[in-house]
Each structure stands twice: as structure tokens, then as C-alpha cells.
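S.K.: Residues -5 to 842 in this note's numbering are what the sequence shown spells out, letter by letter.
Misleading hints may appear alongside valid ones.
[Stated by the list, open to error] In silico lysine-lysine, DSSO-like type, Cα no more than 27 Å apart, as pairs:
{"id": "1", "residue 1": "K244", "residue 2": "K213"}
{"id": "2", "residue 1": "K237", "residue 2": "K248"}
{"id": "3", "residue 1": "K705", "residue 2": "K634"}
{"id": "4", "residue 1": "K361", "residue 2": "K316"}
{"id": "5", "residue 1": "K213", "residue 2": "K570"}
{"id": "6", "residue 1": "K705", "residue 2": "K586"}
{"id": "7", "residue 1": "K475", "residue 2": "K402"}
Bear in mind the hints are in silico, worked out from the structure with no lab data behind them.
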Amino acid sequence: MRPALLRLLKRPSAVSVLDILISTSIGIEQLGSRERCIRCQTRRASRAVAAHEPFPALDADSEPSPNQARIESKFQSKLRIHDLGSSQNARHFVESKAVHESDPVAARRSAADWTLVPENLEYESDIGHLDDIGSRLVDKSHFRNDFVLWEELLRYRQRHYGEAGTINIWQGLTARHTDISLPVEGEQADFFWQSFVDAALVRDKFLHDLVDYAFQLQKTSGKQWSRFYEAIVGGFLDRDRPKQAVQWHKRLQKRQLFHVDDLTRILERALQCNSRRITWPSSGLRNGKSYHLSTGLRALQGICRSVEGQRVYGLVVPALMKRGRVFEALVMHDFLVERGDHPHSFDEVQPLLDNIKQLHQSTMRLKFQEYCQARFLPELEVQDQPLPQKQPEKDEAVVSWPQERPIKDEFGARLFATKAFTSDVIVGGLQMFGVSAIGPQSLREMALRAHGSQDILEKIKRLQKAGISIGDSVFSRVVRKLASENRDIVLYDVLHSDQHPDTLEDAATQEALLVSYYMARDWRQYNMTLAILVELVQEDPDLFNIHFRKHINAGEWNSASRIVDEMFIRKRMLSKESIDFMIQEVLSPRRKGMGPSPRRHLHPVDEIGFVTRVLRRAAETGVPVDSDIWIESLKRLGMKNRWSDLCELALWLAHRYSSKRKAIVAHLVASSARNTVMGTNTITEPAFPGDVLRAVFNPRMQMAIVAWGFKLRPSSNVDSKVYNPLRVEGLNLVPWVRGLVLLRDLEREGVRLETGWIRRACRHRLAVLFGPPRYSNRRMNRLLRRENPYDVTRVIGDMLKVWGPSLFLGQERRDLQGLLNPRSSMMSLRRSHRLVWNNRLYRTQPHI
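Assemble the whole structure, with the sequences as input and the hints as a guide.
M.R.: Listed below in C-alpha cells is the structure:
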């Protein structure tokens, strides 16, 4: 800011004007063309709201009262202030009154409370907390889904608080009211989503929450804001942050918030992202020029690597040539061709071919010219020979009549689409020119002109008799199969689909479309995509896995479980990709050392029960399940205090992967080899079962089992329940020894136990119950110590009855106090002091 202007703003008169403007709660961008007095306007608004009467807006021809005129003239003589005001609110108020006179029910929904004076906007928009629920307009049932009101509050918060105000409204939408779904269509939806995305691009945590919300919205309602991916990834590119753009592309793709069409929407932004260029080796370039590759193109390459079947060559390379970026166009040509994205016509590569002479004797230039010669030989011959020379008639015949050469697909499609030519004429012409095959686009145009399935089959037979093949693409196989099965509706949808025939070759894209159509209950498109996948996959296990992931994505766990049972009966294996997808989608996230937090917007479901059941079925069919997944399953069962399920899973794992079954495994492997020779499927067994047990039941897991055994609140009547796991008559043990009992059962199944680590865990639990008082951050530890009905001798005695005298090595008789007070590390002591201090500070602060 200039010094002279700064001095003017510091004057007392200027400060008073700024104070008045700041106190006015409406933004400067809403200045009207007519000048009014803000004080009088505010008074009229307050009186109107109090009396539930509309207040008239001051027009240029209106006559004010004498008192009002004196006040206005006095105020305006000092300062002329434009009304930033509420003509829109007044108009809404008048409309509310008209509705009230005609329909009392509608009047309650559009009450006068909606007419907000500037003083009330600050209060009504302060909703980013859980205090005083019911005191704001948006807390009322008839205003909760009024997005016109939400838009007004959001605009106010944006004007006065910026990003913090936007997040405040977001918290009110998601935390204060969890049953509101943002609109996904229309200008209002664009305003809400774009506002939230703009604020989230600079706040990473908020962006994570926004993506989670969009994913849950799509999962529950099947709807999504169409520009969500473009706003996030394109927003990072606009801000010259290509690295974050690639990272969030992968996250959105993993959450299935990315569609292939979204890639074309961010191309322009990727080409304009040139904040930092990466130097490319310049050997072989003319005049020693140095060439650079922009970070935007690097980001585009990273995005394309994670997308299969993209077709962006015709958009990227010509756009770079229009900007004169020859070298970058050549680099992107090589990159896209390596990924199978080829130019569709010679026009797409001709500008690059004309300007590539800048790269004198460059290996990239030679490679590009060889590619063009192999793909566009006729066009290059015409370009290199502008003046045709007279050749012998024999040579002309050779050039004019190529043998066994397929026709270009686009040209063939235009031929079959021309109504002036009948199909017989076209087939005869192709046969005369020696065409050996037609592409999927030509087949589509031919099928569109046919009259039903039988006519399509007859035309295909005519092509075959003429020696013309329709190829072995997925599109051609689907068309032939649907026509032979007389599935006219599905065939009609395939022929009239807006998908390019090449996209049918991408299994990942078709699976994503299948899930999308299934969740939207669009059964015609679903049946069409399923027919494509059946022809594309052609193997039962892969198709079963696709249906399994589909039901998981839709939240239909019972259906997914039935798919797994069907695979078990048919001896089909669940893929590792399906298992990883199930773990990611079903299990709630949790922090290290903490239990999982319940997910929002979902009914209470048995996540870990479903996962363990599917994993056990998968392991029984021979699927190699990672030991980390078994460890996570045991941890979640133990943290949730589901002891019976924990014991069942632990004993099943010990029995499944026990080394005692090696002889059975060898027999099954030999039988599997014989069945493989005979061509049958069979169930396989893990090659190294002992390794799985050692990885799952490691020393840390054994200590955790002991600790989870103590996670049981004692009964008020000690002798009310009899716990006799050893089945000795008259023996009643403390139920806290159940962890030691489970470890002994695992030992009998072949699990190797670490007595030293188990002793350490037992001493730690005894110290929590009977040791010197020390504040614990675990609520269960504090509760057990407070309600412990047993004495130390009984607990130690029952532990020795289960384990034996080797548990404490006689220390319970020599030094009981030392047994109950194990040495603590300096880190443990510092943590204890910090917890005590935090607890005192927490108790002294007021809570809601």
C-alpha cells in the first residue's frame, strides 16, 4: 500500500468510516446503485421483524417522514453511505406474507424468521460447533434443508472470515446436522462444492474430510458432484502443485471418485502448469538448445500411469503443438504410444512431423519418423511425393492394389454409415480392394443398419464368405454372442452406447461402470456392462471376484458372503485384490494402540465378524492370507473384548497352520498335482504353515492375549459364576486367567510360547491391580483397580494353577513386593507424570 494512502487511512475521520463499514455485516460486493441510509434501513428491518410486517424499500421517488428526513439529511451531510442492504430479504419477506395469506402450511415453512437483519447474520451463521443446538434457524426442521438459507450463511462467513468461515459452515452441515445431503446438480450445488474445495485445497485435513463425505454420499445415494475430481486435481494444477495433484488423483481413483472422462477436463490445466520445468538431456539437439519438460506434463504422465485405456493423444499432442512446444509434444508422443494410446488419424501427427526438424539428427526424431512410416505409410508417401511421376503400369498396379491389408476403422465406419451404399455393395468393394478385416467401429455401423439379431449374423456370414474378418476384439465378440443368443435389448444398448469400442478392453473401467450402474439401479446399463465383462474376463474366479467387490462397494455384505460360499463350493479362489479391497472398505480406520472408531452414517454392523468369516473361507480354499491381516483381526477382537470370537479364531489359526499337519499337507499337494494333470481345480494348502504361526503369535501377540484376558469387569458376587477351564471338580478360578488358558491351548496345537514375555505381561497386569498407585490413561485399568474383589494371593495362585511354577520362578514366595512392582523405564515414568499432569489440567477446566 502506498504511504500517502496509508496516512489518509490513519486519519480519525477515515477510521470512523472504516468502523462503520466493518460493523455492517453485508459485503461490499453487494453495493446497489441507489444510495440509502444504513441506520434507517436497519431500524426499519428490526421493526419489521419484531412486528412480523414487511418494510417497504426506499425508492428514488418515495417521500420519507419529517423526522426520518432530518436524520437522513444530517447523516448524509456528513457521509454518503451506500446501502449494502437487504432488498432481497425484504422481497422474500413480502413473498412470505403473500404465501401466508394463501396457504398457512406453507407460511410456516417460509416464516419471517428467514428475514435476517445484518445484526442477526453473525449469530445465525455461527454454527461450527455443537453448542446451543436448536437456537439457530438451521436447527429448525423446516429450515434445515433450505439451501437458500445455507447459501446466505455461507456467503456471509466467506466474506468476513474467509476459509475459516467456510469450514465453520461445513462443520454445521456435517457435525451439527448429520442428516443433510449437499445438492449435486445445479448452480447452487456448484457454489457449495466449489467453496468447500477451494478451502480444502489449503487445508489437508479438511480435504480428507471432504473426500470422505463425497465417498459416503456416493455410496449411500449413488450421486456425486460431476466436477468434484476436476475441482480438486485441477485446483492443485492451477495452484502449481502438480505433486499434490497426482497424489490426490490416486486417492480419488481408489475411492472410485474418478471417471475416465475426468481426465479430459484437466488436460488444459495440466498444459498450463509451468511453474517449474525439469531439464531434459539435450544431446543431439540443433544449435545446442536446452529443452525442458514442465511439471504439469510430469503430473499428467503420473496420472496417466494409473489409468488404463486412456485416449488423450488427439487432445494432448495437437494442443502442445499449437503452443509451439515441439519437444514436449514429442516426449508426450513417446509416453502415450508406450501406453497404447495411438493417434487416430494422420492429421494428429502432421504438425509435429512438420516441425520436428528442429531436433537435428536426434534419436527421438528418427524414432518418431519410423513410427509414422509404420502407421501412416500412404499419407507419408503422398507428402514426400507432391509431384507424381509416371511409373510403369505394373508398379502402379502393385501400389494401387495392396494385398491382405485391413481398412482404416474410421473410413470403414463412414462407408457403412453412408445410406447411399447398401451393405452388399460395401462388402463387394472391400473384397475387390483386398481388405482382410474391419474394425469394431465399422462393425458397429454395419450392425446399426441391420434389422435385428438374425440380420446381423447374416451380414457377418457374408463378410466371412468374402474373406473379411471382424476381428477378435471384445466388442466384436460381444456383438456376435448377443446376436446369437437373441438378446436384443442388451445388443441395442451395446450398439448405442457412448463408449468407444477400445474402452471395452479395459477390465478396470468396466468394473467401475458395473459398480456405478448397480448402485444407481440402472439395470439396462448394468446388464450391458455385465455382458461385456463376461466376454472380457471369460474365467469364473475373476467374475466371482468382480461380483464380490461389487457387493462390498455397495455395502451388501450378506450378498458378498454368499458369493464367498459359492466360491468355496465350486473350489474357486478369492483374489488378493479382493481381499485387500474388502479390508480397506469394510474395516473402520483406527490409530495405533487405539480401537477402531465407528463410521459415520452407517448402522452398527459386525465388521470384524464379517471379515474373519470371509478370510477363513478364503484360507480354506488355499488363498495365501497375509499374516498382518490375521494379526489385525485378532487385535480388533481383543480390543472389542469379544473373547469367545478371539479364542475361536486363534484356535482355528493354530489348527489350520499347525506343523502337525505337514503330513496331511504333503498328501493334499500330491493329490493336487495329480488333479492338475487331469485338468481339475482343487484346494491348495500353505507351503510353510509354521511361518504363519510364528508371525501371527509373536511375543507381542502373546503378551496382548494375557492383557486381553484381564479385560473383564468382575462381578459383585465373586462366587456367582464358576470358571473352571481345567475341568477339575470343585475348582473355581479367577476369570482373569483366561488369557493363560488360551495360550496353553495354543501350545497344544503347536504354537511356540515365549515364557519370558508372558511373565512380563503377567507382572504388568499384577502391577496395575495390586502395585503402587499410578494414574493410568486406560479407563478399564482404573475401573479394574477400583472394583477388584480378589486378593493378590488368590490371583497369583490361580495363575500358577493354570501355567505352573515356571511362570514366576518362585518370586511370589521370595519377593512378592518386587513381583508386584516391576522396574519401569524412564520413558514410562515420564509418560506417567505427563498423564497425571494432563488429568489434573483436564479436571480444572470447565466442560460442556
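S.K.: Indicate, hint by hint, whether the structure satisfies it.
M.R.: Against the structure, the hints come out as follows:
1. For the proposed pair K244 and K213, the alpha carbon gap of about 18 Å is at most 27 Å, so the pair holds.
2. Between K237 and K248 the CA atoms are separated by roughly 17 Å; this keeps the pair inside 27 Å, and the hint holds.
3. Under the criterion of a C-alpha separation no larger than 27 Å, the hint pairing K705 with K634 is consistent with the structure, at around 10 Å.
4. Restraint check: the Cα-Cα separation between K361 and K316 comes to about 22 Å, which is no more than 27 Å; the hinted pair holds.
5. The straight-line distance between the Cα atoms of K213 and K570 is roughly 23 Å, inside the 27 Å bound, and the hint therefore holds.
6. With a C-alpha separation of about 19 Å, the suggested pairing of K705 with K586 holds against the 27 Å cut-off.
7. Taking the CA atoms of K475 and K402, the gap is near 24 Å; set against the 27 Å cutoff, the hint holds.
The structure shown violates none of the earlier numbered hints.
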